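Student: Each protein sequence line maps, in turn, to chains A and B. Residue numbers for the first sequence follow this note's numbering, beginning at 6 and rising by one. Residue numbers for the second sequence follow this note's numbering, beginning at 169 and rising by one.
Keep in mind that the hints were calculated from the coordinates and are not lab data. These numbers come from a predicted model, not from an experiment. Wrong hints could be hidden among the right ones.
Pairs of lysine to aspartate or glutamate, DMTMM-like flavour, derived with a Cα cap of 25 Å [claimed, not checked]: (1) A:39 x B:279; (2) A:102 x B:323; (3) A:39 x B:320; (4) A:342 x A:273; (5) A:375 x A:227; (6) B:265 x A:406; (7) A:114 x A:68; (8) B:265 x A:307; (9) A:410 x A:365; (10) A:39 x B:312; (11) B:266 x A:304; (12) A:102 x A:154; (13) B:329 x B:277; (14) A:102 x B:320; (15) B:265 x B:239; (16) A:102 x B:279; (17) B:222 x A:273; (18) B:329 x A:379; (19) B:329 x A:406; (20) A:410 x B:277; (21) A:114 x B:223; (22) A:114 x B:277; (23) B:329 x A:117; (24) B:265 x A:273; (25) A:375 x A:365; (26) A:208 x A:379; (27) B:266 x A:273; (28) A:114 x B:227; (29) A:102 x A:379; (30) A:114 x B:279; (31) A:342 x B:227.
Under 8 Å between C-beta atoms, here's a sample of chain B residues computed to sit facing chain A [to be verified]: (32) 257; (33) 265; (34) 294; (35) 327.
Cβ-Cβ distance ranges computed for the label pairs, FRET-style [to be verified]: (36) A:74 x B:329: 53 to 59 Å; (37) B:319 x A:433: 27 to 33 Å; (38) B:331 x A:354: 27 to 33 Å; (39) B:329 x A:40: 35 to 41 Å; (40) A:245 x B:331: 33 to 39 Å.
C-beta: ideal position from N, C-alpha, C; glycine also.
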Amino acid sequence: MSDPTVRVAERVDLLAAETSEGAQGLQPRSRTSKDELGREVGAVLRQSGLTLDPNDVDYERRDDETMIINMGPAHPSTHGVLRLMLELDGEFVLRTKPVIGYLHTGMEKTGEVLSYVQGGTNVTRMDYVSPIANELGYCMAVEKLLAIEVPERAIWIRMMMAELNRVASHLLWMATNGMDLGATTMMIYGFRERELILAFFEKTAGLRMNLNYVRPGGVAADLPDGWEDDVLVICDTIYERTFEYDELLTGQPIFRNRMIGVAPITAEEALALSLTGPLLRSTGVAWDLRRSMPYLAYDQVDFDVIVGTYGDNFDRYAIRLNEIRESVRIVRQCLEKMPSGDYRSQDPKVTPPPRARIDESMEALIHHFKLFTEGFHVPVGEVYSAIESPRGELGCYLVSDGGPKPYRLHVRGPSFVNLQAVPLLMRGGLLSDAITVISSVDPIMGEVDR
Amino acid sequence: MDARSARDRKGGNAEVIPLPLAAPPGVATADVLASDLGCFPTTDQYFNLVRSFKDEDFEMCVDLCAVDYLEHLDRPLPEGVNGTRFEVVVNLLSLSKKLRVRIRVQAGDEEPRVDSLFVLYPGTEAMEREAFDLYGVLFSNHPDMTRILMPEDWEGHPLRKDYAVGKVPVQFKEAPGPR
């Protein structure tokens with residue numbers, strides 16, 4: 006007992022040191038200044054005179070009235086390895102701090118040692134629920150620097166795959182969100198429908214997830230024979246089943262009570278926190294990059310941007326459900342309008358020679374070899390290219406020094422930024438709603454930590 | 169082919185956006201980028217420039233990251249801009265005007281430091297922490313300058329160019345490690 010380094014119950018501080026990460030974590034109130042407290046509950050947004058009442062920060066409360074607990078990183082409903090430190094007053098959440106980094110694997114650093122050809126395999130693992138969106142953002146940045154034209158068919162294939170991926174991603178969200186609320190039927194249904202899309206991905210690209218299907222200059226392979234039938238079946242099935250979800254969830258009183266009015270956010274707060282995607286649209290801001298700053302051929306298809314009104318959990322649910330329908334609508338139009346032609350650019354700089362040419366031409370063999378060992382060189386420059394991933398704006402900032410590898414690859418992950426809304430959304434809510442809040446923000450930890 | 173000709177071929181941002189009226193005088197701008205308007209303020213001009221953009225309806229700070237130009241200290245920059253090793257790149261977005269603007273501030277060599285944008289855009293909090301964590305760029309007046317992705321007791325800033333890509337021998341205990 007006399008040894009001050011022995012961890013015993015009398016030395017609570019030492020015990021705490023073992024389970025806490027120190028400065029990254031949430032500090033007890035006695036060690037938190039009033040400014041800091043205000044910031045942690047989101048009162049800083051008030052500086053623009055908009056949202057929170059300045060005197061709403063309950064600074065006087067003592068430590069022994071509240072309790073700080075860890076939720077995660079291994080909690081099943083944190084959708085990965087998100088760790089939240091919650092300060093609770095009974096069942097109510099006073100403060101929240103997300104602690105992230107448990108899945109950090111240095112993918113941006115890895116991106117600097119992989120060539121542009123290999124880069125796709127790296128970025129596709131960031132947001133593992135919507136790999137096509139990652140690859141698309143990355144490839145569009147590379148193509149912008151290369152200034153190469155992508156054939157019309159490749160553009161439409163990309164768009165179709167991206168939308169199918171959006172459906173799969175939102176279905177997974179519906180499934181896990183249902184699971185978090187105890188609606189296990191939705192869990193099974195969501196995964197069942199997602200399977201249809203993953204099976205189609207496997208048929209097209211050879212892999213179910215982490216496809217590396219979108220490549221600089223086009224896509225890796227043409228759509229398989231009979232793809233029209235497959236896609237039509239997917240569209241018909243999923244569109245029909247969204248109405249089953251309506252019956253199962255949208256009108257169901259328990260589900261509605263858990264969702265309506267829970268964790269509201271205003272448009273001003275959402276803009277200040279740089280939120281994008283369904284989180285921003287739920288507040289009524291009709292900002293969708295597919296419509297506002299069209300890329301691919303989104304200006305040639307017909308779809309609606311779904312917006313909410315109250316910015317609560319139910320709005321975010323409704324937006325995602327309806328975006329599934331809108332995406333199906335876009336996929337149907339892709340089916341109709343799919344042009345014929347090349348599925349990848351014929352620019353020899355980025356595209357290897359056809360297999361038959363390699364057998365007969367030494368130069369083609371050398372070219373093929375060089376392309377996959379050294380890679381192609383990208384002109385000096387830097388570019389920011391953004392697309393609308395299922396979670397929001399997915400940006401790719403690429404700096405090239407003229408070599409075959411990116412000098413700097415930065416990915417603006419929408420989940421990473423959107424996670425900043427969690428403390429604000431949870432404040433004053435019930436602990437049981439905290440789980441719904443995480444779910445409705447929809448963070449994918451692979452993208453948060455990269 | 170350099171970046172300029174790449175931009176010409178793509179068409180780029182046809183009309184170049186003028187700087188806000190309230191912008192600090194003498195901010196260098198350039199169209200050497202593949203897209204968007206680029207501004208190259210000094211660290212002193214940086215905060216006021218961002219504020220003037222914010223007043224001109226750039227509602228959102230979409231992205232903030234740092235770049236380590238250790239291997240390219242003599243990179244081409246507009247006249248009057250002294251390239252430093254670290255650069256902080258900020259992407260602002262105007263939802264009402266549907267415009268993007270990119271601000272590249274030269275942050276310094278030894279101890280890079282710029283003002284935090286937290287009071288203008290609270291959403292930059294996590295992004296600035298990330299830039300600090302991975303590059304060691306310090307942000308003055310940031311409320312919580314702690315590591316975000318790496319563990320609290322990590323040494324060094326892993327995305328710097330002089331920070332080697334590590335290797336961990338895992339297969340055979342007896343085999344000599346690569347380092």
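Student: Could you work out which earlier hints the structure fails to respect and list their numbers in ascending sequence?
Tutor: 1, 4, 6, 7, 9, 12, 15, 16, 21, 26, 28, 29, 31, 33, 36, 40
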